[in-house]
Structure formats: C-alpha cells, structure tokens
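Residue numbers (the working numbering), protein chains in the order written: chain H, 1 to 142; chain L, 1 to 142; chain F, 1 to 142; chain U, 1 to 142.
Please note that a few of the clues may not be correct.
Which copy is meant is left open, so a pair is good if it fits within one copy or across any two.
What the hints assert, rightly or not - As a list, the in silico EDC-like pairs of lysine to aspartate or glutamate whose alpha-carbon atoms are at most 20 Å apart:
| no. | residue 1 | residue 2 |
| --- | --- | --- |
| 1 | Lys-16 | Glu-49 |
| 2 | Lys-110 | Glu-141 |
| 3 | Lys-123 | Glu-97 |
| 4 | Lys-110 | Asp-80 |
| 5 | Lys-34 | Glu-141 |
| 6 | Lys-16 | Glu-41 |
| 7 | Lys-128 | Glu-45 |
| 8 | Lys-21 | Glu-97 |
| 9 | Lys-110 | Glu-39 |
| 10 | Lys-34 | Asp-80 |
Simulated from the structure, these hints should not be mistaken for lab results.
Listed below are the residues making up each chain.
4 protein chains.
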Amino acid sequence: MTDTPATPEAMLERLKQSVQKSGFTTMLAAQPLKCWAGESEILLELRPELTQHHGFAHGGVIGALADNACAWAAASVAGDVVTSSYTLHFLGPALGERLRAKGRVIRAGKRQITVQADVLAEKGQDSKLVATALATIARVER
Amino acid sequence: MTDTPATPEAMLERLKQSVQKSGFTTMLAAQPLKCWAGESEILLELRPELTQHHGFAHGGVIGALADNACAWAAASVAGDVVTSSYTLHFLGPALGERLRAKGRVIRAGKRQITVQADVLAEKGQDSKLVATALATIARVER
Amino acid sequence: MTDTPATPEAMLERLKQSVQKSGFTTMLAAQPLKCWAGESEILLELRPELTQHHGFAHGGVIGALADNACAWAAASVAGDVVTSSYTLHFLGPALGERLRAKGRVIRAGKRQITVQADVLAEKGQDSKLVATALATIARVER
Amino acid sequence: MTDTPATPEAMLERLKQSVQKSGFTTMLAAQPLKCWAGESEILLELRPELTQHHGFAHGGVIGALADNACAWAAASVAGDVVTSSYTLHFLGPALGERLRAKGRVIRAGKRQITVQADVLAEKGQDSKLVATALATIARVER
Numbered sequence: 001m002t003d004t005p006a007t008p009e010a011m012l013e014r015l016k017q018s019v020q021k022s023g024f025t026t027m028l029a030a031q032p033l034k035c036w037a038g039e040s041e042i043l044l045e046l047r048p049e050l051t052q053h054h055g056f057a058h059g060g061v062i063g064a065l066a067d068n069a070c071a072w073a074a075a076s077v078a079g080d081v082v083t084s085s086y087t088l089h090f091l092g093p094a095l096g097e098r099l100r101a102k103g104r105v106i107r108a109g110k111r112q113i114t115v116q117a118d119v120l121a122e123k124g125q126d127s128k129l130v131a132t133a134l135a136t137i138a139r140v141e142r
Numbered sequence: 001m002t003d004t005p006a007t008p009e010a011m012l013e014r015l016k017q018s019v020q021k022s023g024f025t026t027m028l029a030a031q032p033l034k035c036w037a038g039e040s041e042i043l044l045e046l047r048p049e050l051t052q053h054h055g056f057a058h059g060g061v062i063g064a065l066a067d068n069a070c071a072w073a074a075a076s077v078a079g080d081v082v083t084s085s086y087t088l089h090f091l092g093p094a095l096g097e098r099l100r101a102k103g104r105v106i107r108a109g110k111r112q113i114t115v116q117a118d119v120l121a122e123k124g125q126d127s128k129l130v131a132t133a134l135a136t137i138a139r140v141e142r
Numbered sequence: 001m002t003d004t005p006a007t008p009e010a011m012l013e014r015l016k017q018s019v020q021k022s023g024f025t026t027m028l029a030a031q032p033l034k035c036w037a038g039e040s041e042i043l044l045e046l047r048p049e050l051t052q053h054h055g056f057a058h059g060g061v062i063g064a065l066a067d068n069a070c071a072w073a074a075a076s077v078a079g080d081v082v083t084s085s086y087t088l089h090f091l092g093p094a095l096g097e098r099l100r101a102k103g104r105v106i107r108a109g110k111r112q113i114t115v116q117a118d119v120l121a122e123k124g125q126d127s128k129l130v131a132t133a134l135a136t137i138a139r140v141e142r
Numbered sequence: 001m002t003d004t005p006a007t008p009e010a011m012l013e014r015l016k017q018s019v020q021k022s023g024f025t026t027m028l029a030a031q032p033l034k035c036w037a038g039e040s041e042i043l044l045e046l047r048p049e050l051t052q053h054h055g056f057a058h059g060g061v062i063g064a065l066a067d068n069a070c071a072w073a074a075a076s077v078a079g080d081v082v083t084s085s086y087t088l089h090f091l092g093p094a095l096g097e098r099l100r101a102k103g104r105v106i107r108a109g110k111r112q113i114t115v116q117a118d119v120l121a122e123k124g125q126d127s128k129l130v131a132t133a134l135a136t137i138a139r140v141e142r
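Could you put the whole structure together from the sequences, leaning on the hints where they help?
Set out below in structure tokens:
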C-alpha cells in the first residue's frame, strides 16, 4: 500500500484486493470489515477445518486473526507494514459461529506502531472476549 | 492425552491421531516429527495457500507452528495441555520450501510449563531462523 | 492477603502494610492509590536515582511499576498472587515529575488472572502514555 | 556509545562509565561483567532492599536486570540502543545471594535487535534459572 486511499471505503477495497494475493488469508476466508484511522475489524465464520482437538477454534486461527487485525490497524495509518512481534493471551475457549477481531493503534512511531487487538467469539447475539494481543508492527522502508 | 505412552514412537503415533481430529492442523498439513522428553519438532511443506501478499510464509502459519511446537513439547511432559499465552518474534522473511519448528521445555511447573520454540525456513540444505517464541502452556485440570 | 477486606479503604490500608515489607517497593517509594474491584493505581515521584543515562525514567522502574500495577489489580480480586509473566512495550521517553501506573483485570480465571496496565509520565497537568503492559498473574495456591 | 571500542575490556570500561550516569542501575548496584560480540553478563548482590513481601528478589529487580542484559548485549553489536519491548517469564522464586543475568543477541537487524536473556539466582556453588526474557531493542537513529 503506497498512498493511503482518501476514504474508508477505498481503503477497505484496497485491503480486500491485497487479501486476495494472500493465500493464507484467502484460505482462512477472513473478511476485512474496517481498516481506517488506526482501527481494524475482521470477521471469520467458523467451520470444522478451523477447530482443534478440544473442539474450539484453533489457537493458530486466533493468532492469525489477531496478527492481521494488528497489521491492518497499523496499515491504516502507516501504509505498507510487517509484523515485528506480538504477544497473544488466550482468555477462554473460542466456541461460537464466528470470530471477530478488532485492532486499535496505541501509538504510531516513526519506525514502529504499537497495536492492541481483541478477538471475540460470537454466537447469535452473544459475544465473548477469547483473546487479547499486543503487537509491534514495523513500517516497511522504501 | 491421558497416560503418557512409554516410547517416543508411541507418543508420536498418539499425537498424529490427535492431529487428525484437529481440522486446522490437518488443513495446514503440519507433520509431527518428535514429541518426547520436553522436545517437539514439526515439519510443514510450504505451498501457495500458506503465503501472504509479500510472498513469504504468512505470519499466521508461523504463529500456528510455533504455538503447536510449544504445546507439543509441553504435552510430552504434562499430558493434556492448552496454550495460555505466547510471544512471537519474527526474525526475517520466511522464504523456502518448508518450515521446521522445534520446541523445548524450559521449565515444567505444577500448573504451567514454560516453553521456547524456534521456527526455521529451509531450502535445500540451507536453514534459516525466521521466528522465535516463548510460551506459557497450562496443564488441563481433571 | 488472605480474606479480601470489605472496603476499598481497608484494602488500600492492607496493601500499604504489605508494601512496607517489600524492600524494593519501599526503595522505589511507589505509593498505592487504588486496589479495588479489578483496578489498581500507583504513583511514583521521579527523582535522579530513578533515571538512566538518556535522562528519563529507567526501564526497570517502569517495568517494576507496571508489574506492581498488574499484580495489585489481580490481588484486588484474587487475594495472594504472584506475577507469572508480563510483556512491556515502551511507547516513548518517560520524562516528567512523576509516573502513574494503572492496572485493570481483563479476565480472572480459576488459576490465572490476565491484566492490562498503562504507565503515564506526568508533568504539571500534562500526562503522556509511556508504556503499556499485558500480564499473567497466578493465584497462590494454599 | 558512538564508536564501538576495539577490545572487550575497553567496551566494559565504557559501559561502567555509562552505568554511573544511570541513577537506577547505580542504586541497584548491578555490576557489568561482559558486553561483547552480542553477549552480556551482569551480577547483582542481593540485599534486603531488593526483595519483596514473599522474601525473594522483587520482580522489578529481575525485570531491570533482564532489560539491562538485553540492552547491553544489543549495545555490544549496535552501539547506542533503547529497549523497545520485552517479555519476561518468571520461572521460580529468586532466592539466593546474588542474581546473574546473561544476554545473547539472536538476530541483529538494520533497525532492531532481538535478544534473549536468562536470570539466574546463585547461592554458593548452586545456580538456578529464575527468569527468561525475549526483547526487541531498537538502534538509536542519528
């Protein structure tokens, strides 16, 4: 992402095109809902191949969503970025029909962006916080 | 995993059966190579659907492997476990033909196991460290 | 801390007595302001011996405050606790007259409490976020 | 630290001078033993004011040592640096006569250095691993 698009809709459109080039995000079928002004939101419908042997969403799926939510929140203020590190805390079994991840920039520095993200498991109208993450996202130098 | 199997081969066999129940690990096609005496090793052949828009292995794939390597190293000494939290540092672009993750128990406490894991990208005979993780794995209470 | 005191004031009083037994917290001269219902607040007047060679508050001081803020927020809901691990992100130089740390329980589980904390540097009326932390605090078994 | 000194002894000497400008490290009385070729070592004699209410070394002391060990290992290859973030896992009660922290650079990138550190508690000839850390240290731009 070179120049930041002028509207939230244009930014989301660009992100969706970028996601199509990412085999893994396509395989997960994660849907970007928001990527603007330091915030991101992603939705993922749960299905059998995203679970693990205890029956709830696999930690790797939750990690991938949290990582994406952090990177996209950072990208909304910094353009092309790459995840440098993240810490993920699992807060409870991720049972439900879908996962929703929300990222939020805490601080955007010259070289690094610090981002916080929550992952929620939803069933009908219920929503439960199942993981929280703290990430360092690096700007890609040109 | 209830009773710990008596040999490394029996442990690996049990792990492979457990993995078949995990939709996500099956989808990744991660192969357990070792799960014994506090150590684990996993191999993953890279393929287009495991990459991202910069062309190298997606962080979510690396995260999932690191998480699994930590959990399996812990399982080898503690039976049924669940990942509590992990910190993942990306060290360079994960380009190559396959990823290899190696986990190692640092300390097995009564309730928690602290595990370190490395993820390597391999191409032919070359091997490069691309990520390192530190995790807290919790014993599942009965 | 065995039985949880019945009021915020009684809890704070008990915490102050506990702090007097902690040589290091006494040496820092960190003042507990709040420890109740999953929240904590600590104030620390900055002075020359708490700085480092770049002139701002030493990372070790910020780390100690963040650790304490997390542990005390957890103690307010769980009694006797011990820090299991924490991740600390520095967000900017900690210049000012005093540091203020605020902890907040994200989830209190049966064995572990997940806590988030912010550290602020204050000068006159100005306040600036200088660090953020995510911690796992363990209940002490009896 | 601008130009890297030519010998381990000169580097250690420079570090000791730098430490004297750090009020907090002076207050802790942490002794640098090594800072060379990506490795660091620090010794700290334990004394009552470095403990906490459970009687062992305060987590803030262990965190400060781990932070310093990471920063100094990074400084040995990168000159002037600042800690960006670290994750610290406590592995057991830090009882003993002294603490020893050892840092080791895992990867030195253009802008960031990833470092691992262990903290040991020693009593007579006995040595016990009490904490392990993983840190991101940033090069200070000029």
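Quick check: which numbered hints come out false for this structure?
-> Violated hint (a single one): 5; every other hint is consistent with the structure.
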